[in-house]
Amino acid sequence: MFRPCLAGFLLAMAASSAEAGAWAQPKGKGQIILKAEVMRASRGYDGTANLRDLPLTRKDRTVGFLGEYGLTDRVTVQLKGDWQSGEDAFVDYEGRGPVELGLTWQAYRDTRTAVSVYGGYSLSGEGRNAGYAFPGVGEQDWEVRLAIGHSLDGPGWRMPSGVRPDRSFIEVQAAYRGRSGLPDETRIDFTAGSHFGRKWMILGQAFGGMARDAGPRWLSIETSVVRNLGGWSLQAGWRRTVAGRETPLSEGAVVALWRRF
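Residue 113 is where the sequence shown starts when you use the working numbering, and the numbers rise one by one after that.
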């Protein structure tokens with residue numbers, strides 16, 4: 113039994129092993145990410161952005177898949193989907209979430225900065241096709257996304273213990289998602305990450321969005337640690353909704369396994 117994730121994976125390929133929309137995959141190279149999430153919400157944001165108790169705790173579970181492959185050095189094909197389950201005061205559901213196919217074009221790249229444009233098409237499933245919607249609501253979506261990433265060499269900051277990262281990066285993405293059966297959305301996502309040696313990376317991410325016509329809004333924060341195991345990487349983290357309107361205050365653990373090839 114499993115459930116979907118609103119935002120996708122905005123991790124770092126900037127300095128070696130991860131994935132970010134701003135950096136396209138090299139020709140003939142790619143990666144696969146399997147991700148599991150368990151989210152719970154006992155409160156939610158109402159139409160005036162105030163927190164209210166939900167009539168029953170909402171539970172959402174997801175196992176998701178993301179695959180990327182470099183068709184050329186400037187064009188990457190992407191496929192993602194998930195299997196979901198959950199329950200709240202009104203519904204008990206299980207089924208496939210949305211499946212999305214898209215292309216990323218590397219518009220610009222130098223040794224530090226990358227800019228890309230993504231276009232994708234999504235077919236809705238029986239699960240939640242939007243985190244604020246009932247399961248099964250929605251038909252098909254299209255999305256256009258602009259991503260800008262910048263890598264930073266050398267220690268730009270230090271932890272309280274005095275440990276400094278070897279490399280860091282930041283990335284900002286802005287997207288417009290046109291929906292059939294649900295209101296169109298505008299999204300802005302932010303990722304910051306730091307590599308500590310060749311084996312460890314710390315990520316801080318923010319996922320925000322709003323639906324048209326004074327619809328739902330959301331802002332979630334996620335922090336995670338990534339352990340590089342050669343061709344594999346393991347990620348573990350926690351996500352929490354910190355602001356919103358007509359959306360649940362969800363929080364829970366996130367675990368992912370990456371395989372590069």
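These are computed hints drawn from the structure, not numbers from a lab.
Quick reminder that beta carbons are idealized off the backbone N, C-alpha and C, glycines included.
Incorrect hints may appear among the rest.
[Said to hold, decoys possible] Once the Cα atoms are required to be at most 30 Å apart in a straight line, the calculated DSS-like pairs of lysine-lysine come out as: (1) 311 - 139; (2) 147 - 171; (3) 171 - 311; (4) 147 - 311.
[Claimed, not checked] Distance ranges between label pairs, derived from CB positions: (5) 166 - 342: 17 to 23 Å; (6) 165 - 221: 34 to 40 Å; (7) 310 - 165: 20 to 26 Å; (8) 233 - 310: 34 to 40 Å; (9) 202 - 278: 47 to 53 Å; (10) 207 - 369: 33 to 39 Å; (11) 337 - 162: 20 to 26 Å; (12) 161 - 342: 41 to 47 Å; (13) 325 - 221: 33 to 39 Å; (14) 325 - 286: 17 to 23 Å; (15) 201 - 310: 17 to 23 Å; (16) 369 - 162: 35 to 41 Å.
* **Hint check against the structure, violated hint numbers in rising order** => Of the numbered hints given earlier, those the structure breaks are 3, 5, 6, 7, 10, 11, 15, listed in rising order.
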